[in-house]
Amino acid sequence: MRESELPPKSAVVTIGRHGLSDFFADILQGIGKVDVWFTFAMDDMQQRYRRSALGLLWIMMSYAFFVGGISFFFGAFSQASPDRFIAYVAIGYAMFAFLMAQVQDGCQVFVNATTWIKSVSMPFSIHVLRSIFRAVFTLALNLIVAFSAMLVMGWRPELVAFLCLPGFVIYLINAIAIQYTFGLIAARYRDVAHLTNSITRIMIFVTPVLWVREELTGARAIVADLNPLTHYIEIIRAPLLGDVPRLSSWAIVLAITVLLLAIASVTGAHMRRRLPYWI
Amino acid sequence: MSHVSVKNLFLNYPLYQQAPIPDKPQIAHSVDPENSAHNHRNETLIRGGNNAIIGVRALSGISFEVPSGGRLAIMGENGSGKTTLLQVLAGIYAPDSGEVVIDGQTTSVVNINLGMSLEASGHNNITLRGLAAGRSRREIEERRADIAAFSELGEFLDLPVQTYSAGMRMRLNFAIATAFQPDVLILDEWLSAGDAAFRKKATARMQSFVEQAGILILASHSRALMEATCDRALWLDCGQIRAEGKVGEVANAYDEEMIRRQKDRDIRAQAELEAARAHATFVGQVDQAAQSENGRSPSGFYSFFARLSRIFLRAIGRK
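Protein chains in written order, with this note's numbering: chain A, 1 to 279; chain B, 1 to 319.
No lab work stands behind these hints: they were computed from the structure. Hints are not guaranteed to be accurate.
What the hints assert, rightly or not - Below, computed lysine-lysine pairings styled on DSBU-like, alpha-carbon distance capped at 30 Å:
# : chain 1 : residue 1 : chain 2 : residue 2
1 : B       : K263      : A       : K118
2 : B       : K246      : B       : K201
3 : B       : K246      : B       : K263
4 : B       : K246      : B       : K7
5 : A       : K33       : A       : K118
6 : B       : K7        : A       : K118
7 : B       : K263      : B       : K200
8 : A       : K118      : B       : K201
Since the structure is predicted, the reported quantities are computational estimates derived from the model, not experimental observations.
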C-alpha cells in the first residue's frame, strides 16, 4: 500500500432519517455519479451480446426487419404514401418501444440489482439510471435505422423537427419517475410485473403506431386520443414528419409528467427505505 | 479520525409470504420451555393476525462505540443478528429506530457472492466495485495491479466470476475491499472459504490495516481469528447485546453458554425425534389400513393426491 495516497475523504453517514428529501437526494446523487451508471449499463450491454457474433448489430437488424415487415403489410391499409408510412412506423415504434421498456424494465430494475443493493450502499437511482441508459442506447440504435431508412426514401428534416428536442427531455424525466415507481412497487408486490406485462401487450393495438390516428373516425379515434401514449409519441413523431404537434398533446404530456413525478415522490418517500427487505 | 457510534438500534426484519402458517400443533416438548435456549430463538419471531410469521425482531436496543483503531469482534449463534447488524453498519438496511453515525469511508464484505456481477470478468468487477464504492477511475487503475497480485488469480481475472470457486471469489472480494484503504472495514465470515495460505495473508493484511488506525468490525465463529485480530468483542443473542468487553473474556462466557445450550438442544432434539417417529409409525399404520381396504398401493399417486388435497384444504382454511 502506497504512502503517497491523499487522505481519504471523510464522510459522516447517518442512517435512520427518511422521507421526501432523502428521495430527491437519492436521485440527485445518482445523476451525479455518471461514471457509475454509465459503466454498469455498458457492462450490461456487453454481457447481453457477449457471445453473439454480430453483437449489438442485432438490435439494429431486428429493428430494420420489423419496420420493413410492418410497412410492407400494414402500409396497404393506410392512405399515407409508402415513404411517409415507413417514417411514421419507424419513429413511432421506436418511441413506443422506449416507453414500454420503461414500464417493463422498471418492474425489474431493483429486483435485478439485488446483488448490488444488498452489498453496497449507493443511491438506488443508480440502478434506475443504468436501466434508462440501456433503453436510451437501444432507442438511439433504432433511430439510426429509422433515419437511415427515411433518408433513403427521400425524407429531409424541416425546421419544425427541432420541436422534438424538448420531447426527448420530457421522455427522460418520465423514465426516471416511471422506473423508480414501478421498481419499488414491483419489488414489494410481485404480481405487478405480471400485470403490467399483460397490459403492455395490448397497448400496441390501441396506440397509433401501426395505424394512423388521423385516418380514424368515431369511437376508435376517441380511444386513441384517450390513450396517453398517443400524445407522448405525437410530440416526437409529428415534428420529425414535418408537422407541429397538437397543443393538446403537449398539455396532456406535461400534465401526466407532473402526475407521474408526484406519484414517484410519494412512493419514493414512503417505500424507498424498505426496498432492501423486499428483494 | 474514524469513529463508529451506534445508539439504541431497533430493527424488525419483515418477511413476506415466506413462512407458511403452521397447520398442525407443535410437537409436545419434554424440556421445560423456561430453560430452553431453543425456544429462546423462536421468541424473536413476530406473528401476525392468523399466527403467520410476518417478521423477525432482528436487532433490539443495540448501542456501542468503536473508537479510531478499534477492532470489534461480533460473536453470536446463527440467527442472532450478526449479519443484519453488519448490513445496517454498511448502510444497506435502514433501522426502524436508533442512530448509526459512521465517520469515515466504509467498505463491507458481508457475503462473498454479493457485490459481484457474475457474468462480468474479474477485472470488470474490480472496476464496478471500485466505482460503486465511490472511487475514481484513476484510483481504481492505481490499485488494479495490487488487487490482482493479492488475489493471486492471474489470468482468471479475465474470465467471468461465475467460473470462480467460492474461495476464488472470496479472494477477489477481500482484495478489492481492502485495496482502497477504507477507514472502516466490515467483514462477515469471510474466511470460511479460504485456504490456509490465504488466511495467513489476509490476517496479516488486516493487522496492517488496523495499525493505520482503521476500524475493523468482524463477525465470526472462529475464536482464534477473533482473538488474533480484535481487541474488543460484542456478544449478540437474539438481537440483543448479551455482553461486551475484552475479546477473551466475552469468548469464554460465550463458549460456556454455548456448551450449556447445546446440551439442552440435544435433549430436546431427541425428544422431538422420538415424537416424530411415533407420529410416522401412526401414519404408516393408517396408510396400511387404507391400502388393505382399497387394495392399492399408498405410495406415488395416492400420496401425491393426499398432499394435494391437504394443500387445498389449507388454502381454504386460510380464507
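Now the hints, each set against the structure:
1. This hinted pair does not check out: B:K263 and A:K118 have alpha carbons roughly 36 Å apart, beyond 30 Å.
2. For the suggested pair B:K246 and B:K201, the alpha carbons sit about 25 Å apart, so the restraint of at most 30 Å is met.
3. With a C-alpha separation of about 26 Å, the suggested pairing of B:K246 with B:K263 holds against the 30 Å cut-off.
4. Restraint check for B:K246 and B:K7: the C-alpha separation of about 20 Å stays at or below 30 Å, so the hint holds.
5. With a C-alpha separation of about 19 Å, the suggested pairing of A:K33 with A:K118 holds against the 30 Å cut-off.
6. The straight-line distance between the Cα atoms of B:K7 and A:K118 is roughly 23 Å, inside the 30 Å bound, and the hint therefore holds.
7. Distance hint between B:K263 and B:K200 is unfulfilled; the C-alpha atoms sit about 34 Å from each other, more than 30 Å.
8. Simply put, A:K118 and B:K201 have alpha-carbon atoms about 27 Å apart, close enough for the 30 Å limit, and the pair holds.
Hint check: violations occur at hints 1 and 7; the rest are consistent with the structure.
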